[in-house]
Amino acid sequence: KQEVTQIPAALSVPEGENLVLNCSFTDSAIYNLQWFRQDPGKGLTSLLLIQSSQREQTSGRLNASLDKSSGRSTLYIAASQPGDSATYLCAVRVGGYQKVTFGTGTKLQVIP
Amino acid sequence: DTGVSQNPRHKITKRGQNVTFRCDPISEHNRLYWYRQTLGQGPEFLTYFQNEAQLEKSRLLSDRFSAERPKGSFSTLEIQRTEQGDSAMYLCASSSPPGGEAGELFFGEGSRLTVL
Chain V
1 KQEVTQIPAA
11 LSVPEGENLV
21 LNCSFTDSAI
31 YNLQWFRQDP
41 GKGLTSLLLI
51 QSSQREQTSG
61 RLNASLDKSS
71 GRSTLYIAAS
81 QPGDSATYLC
91 AVRVGGYQKV
101 TFGTGTKLQV
111 IP
Chain S
1 DTGVSQNPRH
11 KITKRGQNVT
21 FRCDPISEHN
31 RLYWYRQTLG
41 QGPEFLTYFQ
51 NEAQLEKSRL
61 LSDRFSAERP
71 KGSFSTLEIQ
81 RTEQGDSAMY
91 LCASSSPPGG
101 EAGELFFGEG
111 SRLTVL
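Same order as they appear, the protein sequences are chains V and S.
Residue 102 in my numbering sits at position 102 of the first sequence, and the numbers go up by one each step.
Residue 80 in my numbering sits at position 80 of the second sequence, and the numbers go up by one each step.
Some hints could be false.
[Stated by the list, open to error] Subject to a maximum C-alpha distance of 25 Å in a straight line, what follows is the list of computed SDA-like cross-link-like pairs (lysine to any residue):
1) Lys-1(V) / Gln-54(V)
2) Lys-11(S) / Leu-60(S)
3) Lys-14(S) / Thr-38(S)
4) Lys-99(V) / Gln-54(S)
5) Lys-99(V) / Lys-57(S)
6) Lys-42(V) / Thr-2(S)
7) Lys-1(V) / Ser-58(S)
8) Lys-99(V) / Leu-11(V)
9) Lys-42(V) / Glu-44(S)
10) Lys-42(V) / Ser-87(S)
11) Lys-14(S) / Gln-50(S)
12) Lys-107(V) / Lys-57(S)
13) Lys-57(S) / Ala-29(V)
14) Lys-11(S) / Asp-63(S)
15) Lys-99(V) / Ser-87(S)
16) Lys-99(V) / Ser-73(S)
17) Lys-99(V) / Lys-14(S)
18) Lys-99(V) / Gly-40(S)
19) Lys-1(V) / His-10(S)
20) Lys-1(V) / Leu-60(S)
21) Lys-68(V) / Thr-104(V)
22) Lys-42(V) / Arg-22(S)
23) Lys-1(V) / Asn-18(S)
24) Lys-107(V) / Phe-106(S)
25) Lys-99(V) / Arg-64(S)
26) Lys-42(V) / Glu-68(S)
27) Lys-1(V) / Gln-54(S)
28) Lys-42(V) / Gln-41(S)
29) Lys-57(S) / Ser-46(V)
30) Lys-11(S) / Asp-39(V)
31) Lys-1(V) / Phe-106(S)
32) Lys-42(V) / His-10(S)
[What the hints assert, rightly or not] Over 12 Å on every C-beta distance to chain S, these chain V residues come out as not near it, computed from the model:
33) Leu-11
34) Glu-17
35) Gln-98
Calculated from the structure, these hints are not laboratory results.
Since we're looking at a predicted model, the values are computed, not measured.
In this text, a Cβ means the ideal position worked out from N, Cα and C, and glycines have one as well.
If we strip away everything but chain S, and leave its shape as in the complex, we get:
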């Protein structure tokens, strides 16, 4: 399977703990996105990478959130000192550059975070 892969699929943690999610994009895609989705809502943009460069960040991405894509391949999203309001589905997507199938997003299955 060469789709977008996310791990873990489900994480339950206690308030105040740190959590990290990993995303492996489709191998030839150089653009990677993180979104957050709460129940009954559409996904909300968090951040975007082109290769290893983080080019856009949403105001939703507070100081407790950090994302990296160190070698331009997989990406990690870390949440420090988790709060109950962080409970959500964290979705990763990748897309091909213009000149390919321009801008089509492909999503992974998501990582669901539950903060107790």
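Chain V extracted, bound-state conformation:
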């Protein structure tokens, strides 16, 4: 059974700081890994999708890396802004199945 863990559960940083969010998973036979952002009371917004054959993906100030052998992914946010405040979730799809397993998220607060 795939288990996904995100550490830390909450993070508070001053505006402008670079930061790293962590995601670890127990089954390395993944098909892909996706990072999402969720604002309070809202749905999930896709940030980055990394296929199992890829090592990283970049979009603007965001960079996500994937290390299947160690069962880890990181989301790097450069020059954080107050608008980045949200909960960040990673989700892992195991090859051959459609079920996606989510972590419990990291709640980020960027202080102006």
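With chain V's structure known, arrange chain S on it following the hints.
Showing chain S alone in chain V's frame:
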């Protein structure tokens, strides 16, 4: 807007009543998913459709829950005889088949259920 659409956004009901949620996926997506999310937790998988066929169901989907996607387009999730433990956000997502942007999930805004 061609994103995933969910209705209603918020439903308040009394225990024992039936409720139904609707999801309209992105039009070219043939895969549709339902998830449930409670406060402070990540979404939990409920069920998955490819076109009109329901191919996976979680053990979380008790006998009181039923989902349909009759024409392979929109989907409904019905909860019968609601219980207070059913209070949650119900999220719908769709994705393109392999060969497209393989397996990327796109979520709607969710339908929040409150059972009194």
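Numbers of unmet hints, in rising order: Of the numbered hints given earlier, those the structure breaks are 8, 11, 12, 17, 19, 23, 35, listed in rising order.
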